[in-house]
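Please build the complete structure, drawing on both the sequences and the hints.
Quick mapping for you: the protein sequence lines, in order, are chains A and B.
Counted the way my numbering counts, the first sequence spans residues 189 to 368.
Counted the way my numbering counts, the second sequence spans residues 189 to 368.
In short, the hints are calculated from the structure, not lab data.
Take these hints with a grain of salt, some might be off.
Note: identical chains are not told apart, hence a pair may lie in one copy or across any two.
[Unchecked claim] Straight-line C-alpha distance at most 20 Å; calculated EDC-like pairs for lysine to aspartate or glutamate: (1) Lys194 to Glu356; (2) Lys300 to Glu252; (3) Lys228 to Glu341; (4) Lys304 to Glu341; (5) Lys300 to Glu349; (6) Lys259 to Asp342; (7) Lys194 to Glu348; (8) Lys229 to Glu192; (9) Lys229 to Glu327; (10) Lys300 to Asp195; (11) Lys249 to Glu274; (12) Lys330 to Asp195.
Chain residues, written in single-letter form:
Protein chains: 2
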Amino acid sequence: MLYEFKDIIDPSMLPSRRKYLHYYIVGLVDGEGCFSISIKKQEDTRFGWVIDPVFHVTQKKEGEQVLRLLKRVFNCGRITSKPGQEDTILQYVVDYRKHLFERIIPFFKKYKPILKWREFQYFAEIVEGLEKGEHRSLEGFKKLLEKAYQLSEDRRHTLEEILRSIEERVGASETIRRGP
Amino acid sequence: MLYEFKDIIDPSMLPSRRKYLHYYIVGLVDGEGCFSISIKKQEDTRFGWVIDPVFHVTQKKEGEQVLRLLKRVFNCGRITSKPGQEDTILQYVVDYRKHLFERIIPFFKKYKPILKWREFQYFAEIVEGLEKGEHRSLEGFKKLLEKAYQLSEDRRHTLEEILRSIEERVGASETIRRGP
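Shown next, in the form of structure tokens:
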């Protein structure tokens, strides 16, 4: 039995082996988890925007013990109230890029989400690109942005708006080629 | 690899062993599943009401392959559109009591839900009670009703309303003792 979690949950309620617990987790995350990339305006950066990856899992308050289990298994992240639904909803959130790169992504490459596989793949490519510093060049930044829009188009700004705003900022000296 | 599901999903996307897939399923169900007992008016029954257990798992249309996986693993149930959200939401539904009793309940006794353990326990007790025919006596029917209300009070009728309607139907000849 997994006595290592006994301060969080009665071990008799858990799968008997760590590996089984990992498959439980990928099933749970396939339902309730989210690999998201937000694009935020931030004036003090080179292109005026940041690409911000976040992994989170949402639960009603009564499910807190499972979020604590995730935090222990991944050994990173934090549990917070969901903004706007503070009284009822909790989230397990990992947004520190080093932890996403070193802990979250390798886990889900090994224990593959089924429903969220496509979403996870874009997420992993973007995080890996950021880790390599691809966002520091204009071409690299645009490529990562386009990938983020392939992952989801449900965003406050269109890709065209952001590319235009970058173009204006960087100036006419650098030519911005648009992807297909 | 689990080639037995290859008509549903690329086996390389699945856990490598059946047992691992079962832990994935309990994680998914802990998030997206529901063990529910509905209480429905039905005039042509002895007490005028039926106790109707249903297990279902909800998914967006894109998640259909996982519902097909569940149907194959449990070897029962059906996949339908969710009433009112036919265009976007699917449900895997098991409502045939024999299948709940013989397939669904034993599975989740072995692969325990963590978040939904309490809900599952009430569900299992009610299904087992129905299988034993406890609902055929007035006392047994009331006990099962009370259990259903312990599982959830979010219902169209209050327990008191239903007990009163049964009392009127059965008549003054049988005394209806109320539970604590």
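Exercise. At 20 Å max between alpha carbons, let me know whether Lys300 reaches Asp195 within a copy, between copies, both or neither.
Key: This pair counts as between: shortest inter-copy Cα distance 19 Å, intra-copy 28 Å.
Quiz item: How would you classify Lys304 and Glu341 at a CA-CA limit of 20 Å: within, between, both, or neither?
Solution: within (16 Å within a copy, 34 Å between copies)
Quiz prompt | Copy assignment of Lys330 with Asp195, given that the CA separation must stay at most 20 Å | solution = Close neither inside one copy (46 Å) nor across copies (38 Å); limit 20 Å.
Quiz item: What label fits Lys259 with Asp342 when the C-alpha limit is 20 Å: within, between, both, or neither?
Solution: Result: close neither inside a copy nor across copies, 28 Å intra and 32 Å inter.
Quiz item: When no copy is named, should Lys194 and Glu348 be tagged within, between, both, or neither for a Cα gap of at most 20 Å?
Solution: So Lys194 and Glu348 fail the 20 Å test inside a copy (51 Å) and across (40 Å) alike.
Practice problem: Have a look at Lys194 and Glu356 and pick one of within, between, both or neither, based on CA distance no larger than 20 Å. | Solution: neither (56 Å within a copy, 51 Å between copies)
Quiz item: Under a CA distance limit of 20 Å, which applies to Lys229 and Glu327: within one copy, between copies, both, or neither?
Solution: Answer is within: at 18 Å inside a copy they meet the 20 Å cutoff, but 65 Å across does not.
Quiz item: Can you tell me if Lys229 and Glu192 fall within 20 Å by alpha carbon in one copy, between copies, both or neither?
Solution: neither (42 Å within a copy, 48 Å between copies)
Quiz prompt | Same-copy or cross-copy closeness of Lys300 to Glu349 [CA-CA at most 20 Å] | solution = neither (34 Å within a copy, 49 Å between copies)
Practice problem: First find the shortest C-alpha distance between Lys249 and Glu274 inside one copy, then the shortest across copies, and answer within, between, both or neither for a cut-off of 20 Å. | Solution: within (9 Å within a copy, 30 Å between copies)
Quiz item: For Lys300 vs Glu252, is the C-alpha pair at or below 20 Å within one copy, between two copies, both, or neither?
Solution: between (24 Å within a copy, 17 Å between copies)
Quiz item: With identical chains treated as interchangeable, where does the CA-CA distance between Lys228 and Glu341 reach 20 Å or less: within a copy, between copies, both, or neither?
Solution: Result: close within a single copy only, 14 Å intra versus 43 Å inter.
Hint compliance for this structure: hints 1, 5, 6, 7, 8 and 12 are broken, all remaining hints hold.
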